[in-house]
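Q: Chain by chain, the residues run as shown.
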Amino acid sequence: ETGVTQTPRHLVMGMTNKKSLKCEQHLGHNAMYWYKQSAKKPLELMFVYSLEERVENNSVPSRFSPECPNSSHLFLHLHTLQPEDSALYLCASSPGQGAVIGELFFGEGSRLTVL
Amino acid sequence: GENVEQHPSTLSVQEGDSAVIKCTYSDSASNYFPWYKQELGKRPQLIIDIRSNVGEKKDQRIAVTLNKTAKHFSLHITETQPEDSAVYFCAALAPDSWGKLQFGAGTQVVVTP
Chain A
45 ETGVTQTPRH LVMGMTNKKS LKCEQHLGHN AMYWYKQSAK KPLELMFVYS
95 LEERVENNSV PSRFSPECPN SSHLFLHLHT LQPEDSALYL CASSPGQGAV
145 IGELFFGEGS RLTVL
Chain B
37 GENVEQHPST LSVQEGDSAV IKCTYSDSAS NYFPWYKQEL GKRPQLIIDI
87 RSNVGEKKDQ RIAVTLNKTA KHFSLHITET QPEDSAVYFC AALAPDSWGK
137 LQFGAGTQVV VTP
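First to last, the sequence lines map onto chains A and B.
Just so we're aligned, residue 45 is where the first sequence starts under the numbering used here, counting upward by one.
Just so we're aligned, residue 37 is where the second sequence starts under the numbering used here, counting upward by one.
Simulated from the structure, these hints should not be mistaken for lab results.
One or more hints might be untrue.
Said to hold, decoys possible - With a straight-line cut-off of 20 Å between C-alpha atoms, the simulated EDC-like cross-links for lysine to aspartate or glutamate are: (1) Lys136(B) - Glu147(A); (2) Lys93(B) - Glu147(A); (3) Lys78(B) - Asp120(B); (4) Lys80(A) - Glu41(B); (5) Lys136(B) - Glu100(A); (6) Lys94(B) - Asp53(B); (7) Lys136(B) - Glu75(B); (8) Lys78(B) - Glu68(A); (9) Lys63(A) - Glu111(A); (10) Lys84(A) - Asp95(B); (11) Lys107(B) - Asp120(B); (12) Lys80(A) - Glu128(A); (13) Lys136(B) - Glu96(A); (14) Lys136(B) - Glu128(A); (15) Lys104(B) - Asp132(B); (16) Lys94(B) - Glu147(A); (17) Lys78(B) - Glu152(A); (18) Lys58(B) - Asp95(B); (19) Lys85(A) - Asp53(B); (20) Lys80(A) - Asp120(B); (21) Lys85(A) - Glu38(B); (22) Lys85(A) - Glu111(A); (23) Lys78(B) - Glu147(A); (24) Lys80(A) - Glu38(B); (25) Lys107(B) - Glu97(A); (26) Lys107(B) - Asp129(A); (27) Lys78(B) - Asp53(B); (28) Lys107(B) - Glu38(B); (29) Lys66(A) - Glu111(A); (30) Lys62(A) - Glu96(A); (31) Lys78(B) - Glu88(A); (32) Lys84(A) - Asp53(B); (33) Lys84(A) - Glu75(B); (34) Lys85(A) - Glu41(B); (35) Lys104(B) - Asp53(B).
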């Protein structure tokens, strides 16, 4: 049903683990995004990709590493995370880019817990 | 960069009453203002948006107003229903920000029957 799918939906990992979050969009959009959602805080933009090229990195710690192999897929590789990184990670895509992005279409999110 | 403040953080209304959520933004160049609704355990979804060349936009029971001079915009929900219960996020986009929507912290709206 959804145009943007994220896996896994839930992930528990230790601080020394390496894991990856996956996002796939079936909407033919040009731009994809990773957002972090923490309780009672604004959605925080982490990364923006346009046509597979990263155009925005909001000073995200290097323990988060994005990868966009093509315009339909986006990954977030996780390594040596901290407990404060526990949050809902939302992927989104948009038909436009730059100053005219249009509507953001979000995935259901990946709930990450770092122990 | 852009900064968006959203108030109130929680809002309880009786079914049938109106709800108003207000946001202010800091970058006078911002020209696109969407509102997203996120139901419990669900993804955020766009419900309405407005661009800086108009002052008001309506879609059935929801409306958004924009005051560029004061740099604030508001969401109005009339005749609220229980299914309006959700977290609502406002956002602003500046033309030189390359798709970087700045979101407010959200408003938890609870509509009681």
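Q: Looking back at the numbered hints, which does the structure fail to meet, lowest number first?
A: 7, 10, 11, 14, 19, 20, 22, 25, 26, 27, 30, 32, 35
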